[in-house]
Amino acid sequence: AQSVSQHNHHVILSEAASLELGCNYSYGGTVNLFWYVQYPGQHLQLLLKYFSGDPLVKGIKGFEAEFIKSKFSFNLRKPSVQWSDTAEYFCAVNPSGGYNKLIFGAGTRLAVHP
Amino acid sequence: EAGVVQSPRYKIIEKKQPVAFWCNPISGHNTLYWYRQNLGQGPELLIRYENEEAVDDSQLPKDRFSAERLKGVDSTLKIQPAELGDSAVYLCASSPGTFNTGELFFGEGSRLTVL
Numbered sequence: 542a543q544s545v546s547q548h549n550h551h552v553i554l555s556e557a558a559s560l561e562l563g564c565n566y567s568y569g570g571t572v573n574l575f576w577y578v579q580y581p582g583q584h585l586q587l588l589l590k591y592f593s594g595d596p597l598v599k600g601i602k603g604f605e606a607e608f609i610k611s612k613f614s615f616n617l618r619k620p621s622v623q624w625s626d627t628a629e630y631f632c633a634v635n636p637s638g639g640y641n642k643l644i645f646g647a648g649t650r651l652a653v654h655p
Numbered sequence: 031e032a033g034v035v036q037s038p039r040y041k042i043i044e045k046k047q048p049v050a051f052w053c054n055p056i057s058g059h060n061t062l063y064w065y066r067q068n069l070g071q072g073p074e075l076l077i078r079y080e081n082e083e084a085v086d087d088s089q090l091p092k093d094r095f096s097a098e099r100l101k102g103v104d105s106t107l108k109i110q111p112a113e114l115g116d117s118a119v120y121l122c123a124s125s126p127g128t129f130n131t132g133e134l135f136f137g138e139g140s141r142l143t144v145l
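Those sequence lines, one after another, are chains B and S.
Using this note's numbering, the first residue of the first sequence is number 542, and each one after it goes up by one.
Using this note's numbering, the first residue of the second sequence is number 31, and each one after it goes up by one.
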């Protein structure tokens, strides 16, 4: 079945630790890829996106993600997390290559301890 | 610029009761989405509107769910009658058009608890 998989449901890190959140999708063909973030008590917002070109994309707040087509992956990374990065992170795929139809993963809840 | 506004933020009802959620998208955004987010899961699309037309409602449980977007601006999502399994967060999102950057702008959601 077509899906978006996020490998870790909960991640706990100390400040300054490095972060990598996994995301794999099972759609073939052209896809657009996204990471959304939901800070406590706030709405979902876009962190970064990949449409084409350089497979390493940079987003807000020092986050980046790498698209590896052969692995159907779009992992999110940050070299050094901060307490303010505590949030839930959602990987999303637009498999249509056209109109907006986001398919979300189950999310990863990140807790950063001071 | 105001974001996507949803109401109510929280709603607790008993099963078999009706409930309605309201969404006001960002001004000028023609595309409006309703998503449902169950506990521990990501959002799942229920329905997508282009202006006042529902162009993708394949995931909407039509026996008890209905939605409308009169005049192509505000939208209402209704559940009648509600079931225990409908407990979830109902998210509204909007975007400027069908083909654009792919970014959806989400509201804060309406959390429904069915007892």
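Hints may contain errors.
Below, a list of computed lysine-lysine pairs in the BS3-like style, where the Cα atoms sit at most 25 angstroms apart [what the hints assert, rightly or not]:
| no. | chain 1 | residue 1 | chain 2 | residue 2 |
| --- | --- | --- | --- | --- |
| 1 | B | K642 | S | K108 |
| 2 | S | K46 | S | K108 |
| 3 | B | K619 | B | K602 |
| 4 | B | K599 | B | K642 |
| 5 | B | K590 | B | K619 |
| 6 | B | K599 | B | K612 |
| 7 | S | K101 | B | K642 |
| 8 | B | K610 | B | K590 |
| 9 | S | K46 | B | K642 |
Cβ-Cβ distance ranges computed for the label pairs, FRET-style [what the hints assert, rightly or not]:
| no. | chain 1 | residue 1 | chain 2 | residue 2 | range |
| --- | --- | --- | --- | --- | --- |
| 10 | S | S96 | B | K599 | 25 to 31 angstroms |
| 11 | B | Y568 | S | V35 | 31 to 37 angstroms |
| 12 | B | Q586 | S | K101 | 23 to 29 angstroms |
| 13 | S | P91 | B | Y568 | 38 to 44 angstroms |
| 14 | S | E133 | B | E607 | 15 to 21 angstroms |
| 15 | S | P91 | B | F592 | 38 to 44 angstroms |
| 16 | B | L597 | S | E133 | 16 to 22 angstroms |
| 17 | S | E133 | B | I553 | 28 to 34 angstroms |
| 18 | S | K45 | B | E605 | 43 to 49 angstroms |
| 19 | S | E133 | B | G569 | 32 to 38 angstroms |
| 20 | S | K92 | B | S593 | 45 to 51 angstroms |
Counterexamples of contact, computed for chain S against chain B with all Cβ distances above 10 angstroms [said to hold, decoys possible]:
| no. | residue |
| --- | --- |
| 21 | K45 |
| 22 | G72 |
| 23 | E74 |
| 24 | E82 |
| 25 | K101 |
| 26 | D116 |
| 27 | F136 |
| 28 | L142 |
If you're looking for bench data, these hints aren't it; they were derived computationally from the structure.
Remember, it's a predicted structure, so these values are computed and weren't measured experimentally.
From the three backbone atoms N, C-alpha and C, an ideal C-beta is built for every residue, glycine too.
Now for the hints, and whether the structure bears them out:
no. : hint                                 : verdict
1   : B:K642 to S:K108                     : 22 angstroms, holds
2   : S:K46 to S:K108                      : 13 angstroms, holds
3   : B:K619 to B:K602                     : 9 angstroms, holds
4   : B:K599 to B:K642                     : 22 angstroms, holds
5   : B:K590 to B:K619                     : 15 angstroms, holds
6   : B:K599 to B:K612                     : 20 angstroms, holds
7   : S:K101 to B:K642                     : 23 angstroms, holds
8   : B:K610 to B:K590                     : 15 angstroms, holds
9   : S:K46 to B:K642                      : 31 angstroms, violated
10  : S:S96 to B:K599: 25 to 31 angstroms  : 42 angstroms, violated
11  : B:Y568 to S:V35: 31 to 37 angstroms  : 32 angstroms, holds
12  : B:Q586 to S:K101: 23 to 29 angstroms : 27 angstroms, holds
13  : S:P91 to B:Y568: 38 to 44 angstroms  : 24 angstroms, violated
14  : S:E133 to B:E607: 15 to 21 angstroms : 20 angstroms, holds
15  : S:P91 to B:F592: 38 to 44 angstroms  : 33 angstroms, violated
16  : B:L597 to S:E133: 16 to 22 angstroms : 19 angstroms, holds
17  : S:E133 to B:I553: 28 to 34 angstroms : 29 angstroms, holds
18  : S:K45 to B:E605: 43 to 49 angstroms  : 46 angstroms, holds
19  : S:E133 to B:G569: 32 to 38 angstroms : 23 angstroms, violated
20  : S:K92 to B:S593: 45 to 51 angstroms  : 37 angstroms, violated
21  : K45                                  : 26 angstroms, holds
22  : G72                                  : 3 angstroms, violated
23  : E74                                  : 7 angstroms, violated
24  : E82                                  : 17 angstroms, holds
25  : K101                                 : 22 angstroms, holds
26  : D116                                 : 19 angstroms, holds
27  : F136                                 : 4 angstroms, violated
28  : L142                                 : 17 angstroms, holds
Of the numbered hints given earlier, the model fails hints 9, 10, 13, 15, 19, 20, 22, 23, 27; all others are met.
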